[in-house]
Amino acid sequence: MNLAIQPVLLPLLTAVALLFWGRPSPGRRAFTAISAGAQLVVAGFLIHLTYTQPPLVMPMGNWAAPYGIVVVADLLAAIMLGLSSFTALATILYGYCEASPRIEHPLRLPLVQFLVTGINLAFLTGDLFNLFVAFEVMLIASYALLTLEADNWDVKQAFPYLAINLVGSTLFLCGAGFAYRLFGTLNFADIALRARAMSDDPRVTALALLLLVVFGLKAGVFPLYCWLPNSYPILPAPVAGLYSGMLTKVGVYVLLRVLGTVLPHDLAGVHTLLAWLAGATMIFGVLGAISRNFIRGILSYHILSQIGFMVLAIGLFTPFAFAACIFYIIHHIIVKSSLFLVGGTAALLNRTDNLDRMGNLWRQTPLLGVLFLLQALSLAGLPPLSGFWGKYAILVVGLEQREFVLVGLAILASILTLFSMLKIWNAAFWGSSEECEVCVWDWRWLRMSRVVAGMVAVSLAIGLGAEGVFRVANRAAVQVLDQEAYARAVFSVTAKGTPAGP
Amino acid sequence: MTLALFIALGLPLLLGPLLGPLGRVFGRRVGWVAFGAPVLATAALLWLAREVGLPGSRVIEFPWIPSLGINLSFLLDGLSLFFALVVSGMGVLVFWYANFYLDDHYEHHGRFYAYLTLFMAAMLGTVLANNLMLLFVFWELTGITSFLLIGFLHEEESSRVGARQALLITGFTGLLLLAGVLMVRQVGGSFDLSVLLREGLPVGEHRGWLTAAMLLMLLGAFGKSAQFPFHFWLPNAMAAPTPVSAYLHSATMVKLGVFLCARLFPLFNEYELWAPLLSWVAFGTMVLGAVLALQSHDLKAILAFSTVSQLGYLIGYYGLGPARGVEYDYLHILNHVFYKGGLFMIAGVVIHSTGIQDIRQLGGLWRRLPWLGAACAVAAATMAGVIGTTGFLSKEMMLKEIFEAMRPHGTLGAYAAGCVLVTSVVKVAFAARFFTNVFLGPEPPAVKEHFHAPPLALQLPAVLLATAAVVFGLAPMLLDPPLHALSVAGLHHPSDHLALWHGVTLELAVSTGVLLAGAGLYVWGQRTQWRWARISPALRFDAFFEAGVRMFSKFTKWLTRVLQADRPVSYLPLILVFTLVVVGGWTARALAMEWRVFDWLATATGENGDWLRAFAAALISLAVVGAVLLKQWTTQLISLSIAGFLTTFYFVLYRAPDLALTQILVEVVTLILVLVLLGRFPRSAERGEHTWRPPPLRRALNLSLAVGVGGLMTTLVLWMNARPAAGRIGDWFPAHTEALAEGTNTVNTILVDFRGFDTLGEITVLLIATLGALGLLMRYKRTPEEYRQGPLGPAGMGLHHPEEGKQ
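Chains A and B, in that order, are what the protein sequence lines are.
Read in my numbering, the first sequence has 465 at position 465, and its numbers run on one by one without any break.
Read in my numbering, the second sequence has 718 at position 718, and its numbers run on one by one without any break.
If you anchor each label on the Cβ, the simulated ranges turn out as follows:
1) Val370/A - Gly204/B: 47 to 57 angstroms
2) Pro442/B - Cys439/A: 48 to 58 angstroms
3) Trp441/A - Met551/B: 40 to 50 angstroms
4) Phe544/B - Cys439/A: 37 to 47 angstroms
5) Ala461/A - Ala543/B: 42 to 52 angstroms
6) Lys496/A - Ala590/B: 37 to 47 angstroms
It should be emphasised that the hints constitute simulated quantities derived from the structure, not laboratory data.
Where a beta carbon is used, it is the ideal one built from N, C-alpha and C, also for glycine.
Kindly generate the complete structure, drawing on both the sequences and the hints.
What follows is the structure, encoded as structure tokens:
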């Protein structure tokens, strides 16, 4: 049995099984948790395999590349799978702690599993059109989840999300069509081989720019991010945790994949554009965060600012920069999801997440405070927490390439991030208004915090054991940039159809 | 040695987090558990100092992140051990003091000692670090623990604000330090101080780069040591409990900037910018701090500003230091630790026993606290530089060196000398005021009312520090052996023996003059009862900072509004404009170079252009234009679906009947569904659509965007088609579909076999879409009552559900 497809198959089958199961019940929950755990194990095993071996390739329907669709699990894909499974597991468990099965929405778990299916497929696929399909699965599941538990007011915020993403999908479809016309193929490995001879063709740059718009839209790059900050806050906390961790990072992953593995490497103009857009994203994202006065709003904007850092690393375009980006993704996904979950717990305790009406959390619930503080400082990039090392590596690359303005922007964004985190801390945790009650009697918060504590522990381990993580990220970066090895792995698989080759 | 290092550094790091939970068990007695940390650390450091074989040095290294060049590397030499001993020794006194100071009026003792222990560990880590990145890590850790300590009494607004100011300033300058460190590494090739100090920095073309790095690192030092223009955070940090002020904000953390300057001195002191930058800023801060101290009335504010002033003195000292090395820096630092630590503790005792912080409301405490009064007299005399104290020695040496430096440095030297003189005079005045106005004179009724006697143990540390100031002041030769042992090559120049009496020299004369002038200033101040003393609004940098923060928040709100992030309707044009600019801009540029658009148009129409297709295309465009121009929803919709139906015509022309059938099916179903839906809409909605017309400018924008995007896509299609790729895989499918997939219809085999995986995905999409629609139908709807109350909490928190509320 080929392991590469399991991360797609498991959640898909789980989702369908959950639909048949029907009513929420403890058994159904346990089943989902076990499945999510199994996905994490599979992903971990994939990381282990791909760390030493060339990418795992599975021709779907046994049709050889480039005619059929291939699923390729290389180290980067495996890392992303590990992250998505981990986040999914954590948020699912958090959701269990938050509400009893009696009031659980019967569709939430299946839709989460469908969402994970789409996300995982996006990481694994080795075909541009199949990537489009993966995006569709992911997006439609995310539309459904967004509106599932929204009330009349919230549902309005979901509309722009849907509209903008539909435009994005349309542009993606156009891009895929152009790519086929230009290269005569949609298989990543095949495009990589064919595009190498065409790197001086301005049409390749035009296509790259179009794809940049599409994936920048998904990732939330300035000025394409406006759909995000208003739509995420309407999600229930556990789902928001998953969204904030994974969805935009799919965009970043695809940028890494497309610019690193698929398109030729000498598109310097595109990379520079990306780097400067990233600089703008960092600053505008964090300015947006400061303008908000409720925890989920602030955190939503922070996603964007952090995306700026990752995309900046992609734009700088060296192997070390890619490694920095991958490290940053690893750090960011866990920290961001857990911060949303902490925000959810804080909102549960204060019965609101409006900073004007919050307070007394540090006095009453120091555990939550410690969790928040660790993750917030990590997000702001204070050492030795995980966020610092990613930022550090990006600054190193920036200085090496003498991009002083971008480095300055990154430093500015860091301090502003700290500022906005202090805003939450000073108001919600240190604030001492008499009238804000802290509902410590609501026992759910303790169990929720325990789940978050698990994530924080992982995050801390990333920070203190940065050496190991960096080694993995380095290898993944080298693999992503090695187009030859990727093509070799894809085309060495024998399957039905002509033993292909360019 | 490793073990000793672990006891000094690792133990407090591990103990710190445990103290929080332990505090719940032990209550305020947890302080005595924490007290073990500095005692053990001091012992371990003393042992280390003996083992290292001073004045030699030793590097102890453990791998941490070797791939980034970052290791747990510690440099044990005179400088690091001196600072480490100051930190741990002061730690012993402060932990002792805190145990008596934080009585049962305070809460959360566990947290307090956890922060304090972690802070001490971070300090020790910073001064002992060999790897500059490790230094930075601990440096920031001191900032975070300081933030937590300042905000310990976080019920007070001032604590929160002060803590935020401190963290923002030191965090920002810390990042500058980081950038500087990275820049040094890029040309120096290493983060290790030992390597950099041994091999020196490269010269020549890197000079400018390294000067920039130096500037950044010094800005980091200025931020931490509260130098102008970052000085304002320190007085506001005094919102912390007094033990914290005594420890962090006078004796140790703020000296990190001084420490960094000492570390960098051998590397950078010959750079042109070093002396002017340090001297202008630091000596300027010195005067500013002294003047502000004179104008303050709050006990802790006086001390805080005088600390700012003294830090300027210490940093400026390194600025003017001659290239061969400085001589008396340890003396100046120790002197400051003795008197300022002591004065803070005295202020703490006074506040603790009277509850009054304003010096104008205090007085006559001598009779109640004679020991403390004596200690205060000595400490104030040390601050003023009266003969017989370490303060006198420090001032003598400083004056001597400044006078010497006047020759090589010219204006700078004169400036420094002037600053030192002015500061000394002012210092004498507020030192005298501090002592006399608190301990002498009549006792105000407020003091009488509130006073409760502090335990003697609380006064002990201050008395000890004062004793040290006198003992070393009277017998300076006692200081000689340790200072010689701790001197570091490159930084220090072997000094003369310290002596109390140097004979009648210029310095002595100046010193006496300063004392007299200071006394005069004091007498004048007492006469006028210090009524004029108030900090002018132009010097309230903290107020500027807070105002800046408020304005900045307003600015971000405005910016977010301007960027349309809150108005969904406006996103889309933004995105399309961006697409047009980026993709369209490139396309136009590339095509302008080629000038072959018309060729392709010709070939495109030449190859495929028969009149039937042209006719279909014209009809489709007509239908689309109709959809835009028509006014009624229904007619618009029908016109749109006509365009759809006409597309099937195209499929037929391309001999794809099954696609055509699919298209027809889709069109029919969509049309019927949407018509049914629209029929259920209220009439008012339809009318509303017509009454709102966007402003003309907006309509012009929309129109041009629509035309632009359409034009762009058309151009791209033509462009991509101009030279299509050879060997398209699409050609392979028809040839192999029968042989391999055993089907005659290529479209079908692609859909269900070759690319069946895509189809699986699409089927999943349909399933999920159904579920989404189902979800929308069974959505919880907020009642009007709940709606009026505004958002209750995060959706899905179970708060919406009436069921949960009943539990």
